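Sequences are here, hints too, so could you generate the full structure?
Okay, so the sequence shown: first residue is 9 according to the numbering used here, each after it adds one.
It is worth saying that the hints were derived from the structure and are not from the lab. Values in this document were obtained by computation on a predicted structure and should not be read as measured data. Don't be surprised by glycine CBs; every beta carbon is placed ideally from N, CA and C.
Derived CB-CB ranges, DEER-like: (1) A415 - Y114: 55 to 61 angstroms; (2) K493 - E222: 51 to 57 angstroms; (3) K418 - P118: 47 to 53 angstroms; (4) K418 - T246: 35 to 41 angstroms; (5) P118 - R427: 49 to 55 angstroms; (6) L332 - E222: 20 to 26 angstroms; (7) A415 - G345: 22 to 28 angstroms; (8) S218 - H336: 26 to 32 angstroms; (9) S359 - L215: 43 to 49 angstroms; (10) G345 - P118: 54 to 60 angstroms.
Subject to a maximum C-alpha distance of 25 angstroms in a straight line, what follows is the list of computed SDA-like cross-link-like pairs (lysine to any residue): (11) K370 - D314; (12) K323 - I346; (13) K195 - C419; (14) K202 - N460; (15) K406 - Y334; (16) K388 - N407; (17) K131 - P217; (18) K489 - Y188; (19) K155 - S438; (20) K461 - L200; (21) K159 - D452; (22) K461 - S327; (23) K159 - F174; (24) K323 - A342.
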Amino acid sequence: MKKIDFKTMHLSDIPDVIKSIFTGETDNEMMTGQTGKYEINLVPDIKTDMLKLMKLRNMIVFGCVVVIIASSVFTAFLAIFKGAQDLTIASQGKHIENLSNTINQYSELPDFLNIQDQLAKLKSINDNRSVLSRVFPVLKNLFPTNKDTIKISDLNVNLSTSTINFDAQANAGEEPYIDYRVLESFKKSVNLMKYDYGRFVDAQGNLIPSRCIEETDAAGNILTDNGNTYAIWKRGLTDCDPSRNDHQKKSALTQPNNNSNVSNTSLKSDFGKVKAKSNVSDDVEHVENTEKSGNVENNGDVVKTDIQTIIPDEKIWRSPLFDLWYKHEKMRTADDGIQDTLDTNAEVSESEVNGVKTRTQKIKNVKNYIYTPSMGLDGKISSVPHFESSCITYKGEKNGDNVKWSAENKCLMVPKGIRVTDSSNGRDSSSNLVLRFSTIITVDPELFKFTNKHIMTFGPSGQNVTDSYLQVEGMFAAPAKECAKDDAECVGQKTSAGTNN
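Dropping the structure here:
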């Protein structure tokens, strides 16, 4: 309450006093006063201060107790954690020591560690590995294919610098045999050479292993059909289909007797007759072989059903079928011209042991695929096995109902050109007049990398060559000799010299 001195209070102050009593208005000092011979003292100031100090003391004591309890709990938790940690470390240390002793007793430990280190380096080794045989398709496309001939007499390849040095001899094939035109044509063709590499993928875009792809025929020529390049996918071989698990355990069949419902199987003949031998070739692998045995008929005979799923080889296009794929034309592997003669059939054989007849039903089911390919104007291909090029990009331009397709190859085989270091007249091993020359070619290093698969080179005349040792045939010849001083025909042969690139 407000402090009021009754000695100085007037009658007009009485309403304020009554009001302060009911409204609870207070002041730092309690109201004191004197009325006549009585004195009013409402809670002395010192009592109020003492109560405040007692309250503060109690709060401080309570806070201290809370802090002490919390500290004790936290300390106990740390002690338990530290003890558990020490026990765990001691246990693991003992376990490691036991393992170390066991490993140290292994007599072939050094060899094992050496093998482990080598396996860890396989990726880096493959990344840095180069393929020497790829030099042959390079040279095959470099040399002329008409009457002009170029034969190599000495060849040096440096894979670390991707350079090819060789001595060769050029023959025009007609008078005059020594003609620098052959050499000039050779130099210009080098600047036009390109190459391509990439990967074959299935309809879902999964990588097909390179060992499952066959790109050339028996003579080393690339596979083509109406000008389009293709390869053969050995899909039936083990681990050659990314979407198939060849190592999954096959479960037994549960079909009733004489009722084997197999996908893509069309059987028109009776099981009771022995069928002719299947026309499946020996190089087709049966990747699925499931047998149901132990079924006993009412007459006591045992019936066994053996189903073999045969997956034929499949044509996979390297060159896109632009319009067909753009229009989503369906493609059937049964009509691709690769092992289309394989058909589904069945064979039934009977045997009897101890009076129990066993009838074995062998069903050979040929599994084919149907694709609905898609190719956009941006060149993106999906829903069909195809080749994903790392060098060539395709683009379509719509013109009414038709689409004009174009291709661009960014991979130059010899981006820095060719350098001829020497040239002169000479005679070959058959004493024919030839032009002797030496040259240095720096090839794009990407062409020799082991990690770049399915290399194909493109020559200026449009011929395509893949990596094959069969291309070496006819490429080399004995070194040509310099013209003898008394060989007037050779020394006096007129030639038209050119400049080096």
